[in-house]
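Asker: Residues per chain are reported as follows:
Protein chains: 8
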Amino acid sequence: MADVQAILREVQAGRLSVEQASELLQGAGKLDYATLDLDRARRTGFPEVVYGAGKRIEQLIGIMERLREHQELVLVTRVSEEQAQRVLERWPDVRYEQEARLLISSRKPLEPVRDGYVAVVAAGTSDWGVAMEAAWTIRCFGSEARVIADVGVAGIHRLFDRLEEIRGAAAIVCVAGMEGALASVVAGLVDKPVIAVPTSVGYGANFGGMSALLTMINSCATGVAVVNIDNGFGAGYMAGMIHRQMQA
Amino acid sequence: MADVQAILREVQAGRLSVEQASELLQGAGKLDYATLDLDRARRTGFPEVVYGAGKRIEQLIGIMERLREHQELVLVTRVSEEQAQRVLERWPDVRYEQEARLLISSRKPLEPVRDGYVAVVAAGTSDWGVAMEAAWTIRCFGSEARVIADVGVAGIHRLFDRLEEIRGAAAIVCVAGMEGALASVVAGLVDKPVIAVPTSVGYGANFGGMSALLTMINSCATGVAVVNIDNGFGAGYMAGMIHRQMQA
Amino acid sequence: MADVQAILREVQAGRLSVEQASELLQGAGKLDYATLDLDRARRTGFPEVVYGAGKRIEQLIGIMERLREHQELVLVTRVSEEQAQRVLERWPDVRYEQEARLLISSRKPLEPVRDGYVAVVAAGTSDWGVAMEAAWTIRCFGSEARVIADVGVAGIHRLFDRLEEIRGAAAIVCVAGMEGALASVVAGLVDKPVIAVPTSVGYGANFGGMSALLTMINSCATGVAVVNIDNGFGAGYMAGMIHRQMQA
Amino acid sequence: MADVQAILREVQAGRLSVEQASELLQGAGKLDYATLDLDRARRTGFPEVVYGAGKRIEQLIGIMERLREHQELVLVTRVSEEQAQRVLERWPDVRYEQEARLLISSRKPLEPVRDGYVAVVAAGTSDWGVAMEAAWTIRCFGSEARVIADVGVAGIHRLFDRLEEIRGAAAIVCVAGMEGALASVVAGLVDKPVIAVPTSVGYGANFGGMSALLTMINSCATGVAVVNIDNGFGAGYMAGMIHRQMQA
Amino acid sequence: MADVQAILREVQAGRLSVEQASELLQGAGKLDYATLDLDRARRTGFPEVVYGAGKRIEQLIGIMERLREHQELVLVTRVSEEQAQRVLERWPDVRYEQEARLLISSRKPLEPVRDGYVAVVAAGTSDWGVAMEAAWTIRCFGSEARVIADVGVAGIHRLFDRLEEIRGAAAIVCVAGMEGALASVVAGLVDKPVIAVPTSVGYGANFGGMSALLTMINSCATGVAVVNIDNGFGAGYMAGMIHRQMQA
Amino acid sequence: MADVQAILREVQAGRLSVEQASELLQGAGKLDYATLDLDRARRTGFPEVVYGAGKRIEQLIGIMERLREHQELVLVTRVSEEQAQRVLERWPDVRYEQEARLLISSRKPLEPVRDGYVAVVAAGTSDWGVAMEAAWTIRCFGSEARVIADVGVAGIHRLFDRLEEIRGAAAIVCVAGMEGALASVVAGLVDKPVIAVPTSVGYGANFGGMSALLTMINSCATGVAVVNIDNGFGAGYMAGMIHRQMQA
Amino acid sequence: MADVQAILREVQAGRLSVEQASELLQGAGKLDYATLDLDRARRTGFPEVVYGAGKRIEQLIGIMERLREHQELVLVTRVSEEQAQRVLERWPDVRYEQEARLLISSRKPLEPVRDGYVAVVAAGTSDWGVAMEAAWTIRCFGSEARVIADVGVAGIHRLFDRLEEIRGAAAIVCVAGMEGALASVVAGLVDKPVIAVPTSVGYGANFGGMSALLTMINSCATGVAVVNIDNGFGAGYMAGMIHRQMQA
Amino acid sequence: MADVQAILREVQAGRLSVEQASELLQGAGKLDYATLDLDRARRTGFPEVVYGAGKRIEQLIGIMERLREHQELVLVTRVSEEQAQRVLERWPDVRYEQEARLLISSRKPLEPVRDGYVAVVAAGTSDWGVAMEAAWTIRCFGSEARVIADVGVAGIHRLFDRLEEIRGAAAIVCVAGMEGALASVVAGLVDKPVIAVPTSVGYGANFGGMSALLTMINSCATGVAVVNIDNGFGAGYMAGMIHRQMQA
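Chains as they are written, first to last, in UniProt numbering: chain S, 1 to 248; chain V, 1 to 248; chain W, 1 to 248; chain X, 1 to 248; chain E, 1 to 248; chain U, 1 to 248; chain D, 1 to 248; chain F, 1 to 248.
In short, the hints are calculated from the structure, not lab data.
Since the structure is predicted, the reported quantities are computational estimates derived from the model, not experimental observations.
Note that beta-carbon positions come from the ideal geometry of N, C-alpha and C, so glycine has one too.
Don't take each hint at face value.
[What the hints assert, rightly or not] Coverage of chain F stretches by chain V, computed from C-beta distances (three or more under 8 Å per stretch; other residues unrestricted):
(1) 51-57
(2) 200-210
(3) 221-230
[To be verified] Under 8 Å between C-beta atoms, here's a sample of chain D residues computed to sit facing chain F:
(4) R40
(5) G54
(6) G209
(7) M210
(8) L213
(9) N228
(10) I229
Required output: the full structure, derived from the provided sequences and hints.
Answerer: What follows is the structure in structure tokens.
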């Protein structure tokens, strides 16, 4: 879609047939039940990620098989226990992060490839799983992720104890349920972008996380942007992208 | 409704006629357009309060006139500039608190009659009017009110600067709009009841204060209870009642 | 965080090392999966409470073990049958209040330590569990709790029969589902603070308790503040705190 | 649409032409900008009512003119001051009920034509206009309407003072804003149908009356049905219909 | 609460002791887990009804036992299969209406005691259970109930086929889910009060019946009032009360 | 209901008895538990469709039996695995489309009877079932349906690869969950009507598909109309109707 | 974006320069404050339409000027009185449809260019403006539009009177506010696609048209699709497109 | 709050008095009506920003005066025409960006201080003001902002024309109202973080921007985070912070 003039020049010069040019402008790689986006890594800097929830086991394995051929890294989110077991039977080298509900298939070890780190700050123990999802996504980007858990505002000194570590990060993911106040407090204390993840933790009038989402969207502090409820992956992706930018 | 047996015994003893007893069980004092609740001070410890919004000027003056006859204190809330002017023309002794939108007609000066004080903590300058409404209501209860303004969580050190004063209060009214996180932070730091008032300050997805209300209702900190959006009067009433209890 | 000047003076006088002072300003006591707030009793007047829902059994026991070492009282809310059984196997002295879904581990018997009592008024039999949660929380504060159940407004004489007892309380917790009208009626009849708890009891357009919450937040009666849906613990905590204040 | 066989028999018998029959099955009376439902009185027992809000003055007068020709009674709801003035200039015999925002054009005086009465019970002075709308609609049905105002639950003895009068009614319209608790309390005390009208009176989280509507829909008392917010006309219509039924 | 003067006169005359009078003004009959409202039949014209959902079997049987002693009719709503079986084992004379989820214990056969009937009109086959709940409640009032099912507006001629029967009723209960349009269409065609019951039948954006509820509340037709979602009992109660009034 | 004059003339001429005419104006065909709309094919161009969800197996078979007698085509939507098995046991000729959750009983093979085709464009693999429901409904109309799956906007080149095929369609059904942006993009690129189907695919703040529904309703592109969440049948019906119109 | 291969072949053949091809693949015509989509007529079959609301008068005139040069037809929606006056001063040949709030600038007279017509069916007189917006949009497509107004379901015979005319249409736009039931009733009676437009007409719990929107989305009748609230233009566009298809 | 140990050491060494240390740990600079956060630039990397909406002119000028003394840059958001005029009278050097509703008082010219740029991509002309607010905020950070307007998805080729420029940015702010689909499309095409700003542009069921907010929160594309409705400032702040990080 992109280098239109470049491709056109190749055609003009006769170095590219009409069919090839058309192909280049249109992409490749289909499966019966899915149109894989093998070009995504080049386009967005990160390979296609598979949303595991609700996929039948054959579908999941079929998609992973094709992606493993073309991509160095295959990440599957929202994986159930059962899906994980079946995939691990098939490919014992795949890593299953249970709390994060992630499957990670990587040709290279997940080691930091750049300086600095991203902080993942979580309000309560119940937010742990979402925080882990963010942390492992960040690691897939080649960044270090440090998780700072259980520092919610009901006992705010716990947060201040860890403040230096949070301030030292290149970007901050902030995970909180219930009233989600942590994001505003953190953003008021740091000079780094804060990606806020509301979680569905809570009860009564929390509306499955909508309360925390509204809190974060209405934050009185600047430097906060918000992803979907329980979307640790999305927040980790955003933070990983920001960190990667810093040393691009 | 209350001392049924006592009244019945008076009737039995012939000291009270059936009509008088019936009257006692049923109350008095009507106006054409309102049934004044002159018994309220005895029943709830605070005289009837007039909700000014939307009342025509003659109605307002009529009601105030009758109440001034029977009550030491007449409090009118949500008063418009125009209503205030007209009332002040009629009774120059009435006090008009413009920011709080209150009219106060009191036979005695509003001076503290008990030890201690109630703290009114407000997040932003835009929450000032609601905080004032709470403060003056507290003063009508005969309590001292100390207002601590503009200490929102975006610059949390401002709150810590005033923490000793807040902790010293008998009860705390906490006023905040936008995401309303202040209530949770305060409640986590004190051992006194916190009455939280969400305000309609903010924009976008704040839904006229609903965002702050949900934040406060879902607070992860204990010792917080919530009143309606912008209801400074209600919060001041609750806090005044708690303070009064302490030295009953 | 608090006595900054006091601590600084200790440092100045050489009576406190920098490390000790830093520690004092920053707190202690971590677990792998939780940052316990052992300082909370001093700060808020009540020790840290554990939210049981969704915690794995080892986590729950680990947290309780640590808290039992440092706190006279350990309270766990929203406990499942299974969690309770496992905890009781470990510590037979722990008290399990099934209807209230509470675990209470207390070094001292839960007996009233002050005069007066808190009334817990509930509208229907289905609100019983939430009322019990409030009542036991109040008892953990060292206050007497009297439960007055099934006095909803559909048969309002039932409420009047118990009115003297309600009026005699230092504070009132009012528990109601469906349309939640009980809180307004009670608040109009008493001179004590009413903490209203909406419950999720009802069906159809009750939106899991949101209908009752809105009713209570919009109450035409003064002296009402509201906690989250089904949050008997929060209401009991608020009422216990108010009662404790009265004889502080 | 109704007496199909009857009309068909008239055609069969030659007493009715095809055109006449067709006409009978299809109605009459069109205007350029409106299809008047002149048949409604026969079908529903009450003539077509005009919704005044937003109608241009010529439209309103045009519609009223046509209806006055065919109907004994013409009722216009939600009339603005300006609309009223212009209509009264045109037809000085039309009655304008300002508080109720109604125009009533009746060939006969509006006097009760049956025994008994309908009670219109209103919670606050701000609910007065809606109560008046209900009362005048009831009078248009030929029933007596008694308005019992300002008896909200914040001072519930005011309601008990009027209870006998309320109980004596054939049907009860109950008008309340804010939390709308009055409907439940009244329905628990009477053996007559209660038509509840939520009003938009209130502020904050009352959502323009939605709070009161939910309260009434979720009422724990039986014998309550609800109409739209501020719809005094609709409630009066329902109650008038019920009363009319009683002596049909 | 009611005949205050009458009771007072009895006391004055010495025919009633203070204790007896007090008792009369305050009611009777408590159970450990419930405050039964044995006075309700006298006050509202229908004995107390038991809401079965969520009650433990011993509670349910205990309550029914007490009520059977004092009331001619005991009605239990929202009964599960299991509850029903256990109750029928205990009292084989109790009637279980499975589709309506009702238990009916009546000393007299449920036969019409007055002329005329109430029509229960239902839109789809899935609304059948709610319609049955309305119908049996009406029968408990001593009225005849005629159910006219599956006449939704998608095939409106089905409604017209039954129109005469609907028009002949003293009152109409109209049950519909999905978009709930049936109530408006019926109300436009009859001169009797229509009690509309939205049902939770539907999917997607029906919000568990809220869509149908809003439709009915906003009806452009007059003579419609609405009860809670799936509340067939409430609608039947209202209609039964209206019919009873007609021949009072 | 329709040819009123024609039928009346037949009666006038004596060629039709009153009973026959009445019958013609009123329809036929009832079952105990359902009022089948056998006339629907004539009236709306498509025979009555059965909504399978929640129907008991005997009901379903009874309804299908009657419809199979009168209709060439019987379509049942939202069929469970168990319902399907039981129906197939009874009539092995019935076709069960598992992914689409449809039962199709057709006397003639489902082959295209007109030129052109309808495109069913789906955003993700999880939207497949809803897309299939749309496709098979279109085929029941005698139109060809081409499904173009997994072309969501996150990799928009996948859409452009299939653009010519989409543009060639007579009408387009567009199925998308999550944020539902696909409908706007497609509608901006084609000159054919787009029927948008929001799906409940997603999590967090997607509110069971409400997010996608709002997106589609607010589309900035013209030529989009929307059906209920997950309503593949409704969209296919609409598209089939449009295609049929083209060659009427 | 479209004829990629064709354009590429032109480049290959040397008949098109790289710049020209690039231009063709990328569009033209920018203004300082807007990127006009001059290619839209070719792509979607209808030229770009201007949304007038909120545009400053110079912007509006600037955009119209450019579009008038390139397009046969320029349509501006949501035009205020003031905007219209200023545009008419500039170009007296522009047509201003006040009720529809449209400006139409057409080089050719707006006369039907194909057989058949589209019916615009509106429930109440207040829906007239939205109906007119739909009608004039249809006329811009070169189709005849017949408006059938004030046939809401409260007097359903008015609808039946016009049924033949409605059935004869190629497509039907159905405009209704309040509860919006008209769409379901119409769709159950015809064999043509119904485009439903909810309007914001109504009050109370109509939520600015959301009530009617939900009604239409949840319609129990098939063959209904919905556009945004008050979006007469969108519905007319959809219907015009369907009619155009029929004779393509 | 931060360098606790450092400050303590200064005290220990006698180089800092207790009062000074206390001051350092607590901040400075109060006004009567506001607690200015003069420390913010050091803490968060950007000086305190003033929210202009609703501030009285004296308040605004008072706050600006104090901030101008202490800060190089003073930024005021949501400024009305009238506020702007009064401020410009006072300080003619202040810059007023009308469309962005910003006042900017800067000691240094706003010129880029680092390589690269941030792209601000806006869907429609009505989103222009919000886009400008983002752009000027970015410029206050010392970054270049390039605005790419009117490239909404209804004519998606307009977006592709500008794609290289968008891809070249360090971060992307994406501004869109109505259905807000632009953010998903852009994020699927780039490898840079996308900050999405929903706007309140639209009508009907857009709920003042909530529709676009939900779209963006539920985006199927990765690398998107969202700020409040119409919050161009917040998005620009976030993007400026990210860009600044890149060359820190």
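Asker: Hint check: is the beta carbon of D:R40 less than 8 Å from a beta carbon of chain F?
Answerer: Nearest chain F Cβ about 6 Å off; hint holds.
Asker: Could you check if D:I229 really has its C-beta closer than 8 Å to a C-beta on chain F?
Answerer: Because about 3 Å separates D:I229 from the closest Cβ in chain F, which is inside the 8 Å limit, the hint holds.
Asker: Are at least 3 residues of the region 221-230 of chain F within less than 8 Å of chain V when you compare beta carbons?
Answerer: holds (count 3)
Asker: Establish whether the coverage given for the region 200-210 of chain F by chain V is satisfied; the threshold is a Cβ-Cβ distance below 8 Å, and no fewer than three residues must meet it.
Answerer: holds (count 4)
Asker: Can you confirm whether chain V covers the region 51-57 of chain F, using C-beta to C-beta distances below 8 Å and requiring at least three such residues?
Answerer: holds (count 4)
Asker: Go through the hint on D:M210 and say holds or violated, using the shortest Cβ distance to chain F against 8 Å.
Answerer: holds (6 Å)
Asker: Is the shortest C-beta separation between D:L213 and chain F less than 8 Å?
Answerer: The hint holds - D:L213 has a Cβ within 8 Å of chain F, the shortest such distance being about 6 Å.
Asker: Tell me if the interface restraint on D:G209 is satisfied: Cβ within less than 8 Å of some Cβ in chain F.
Answerer: This hint holds: D:G209 lies near chain F, its Cβ roughly 6 Å from the closest one there, short of 8 Å.
Asker: How about D:G54: closest beta carbon in chain F under 8 Å, or not?
Answerer: D:G54 check passes; min Cβ-Cβ to chain F is 6 Å, inside 8 Å.
Asker: Is the hint on D:N228 kept, meaning its closest Cβ partner in chain F is under 8 Å away?
Answerer: holds (4 Å)
The earlier numbered hints are all upheld by this structure, with none contradicted.
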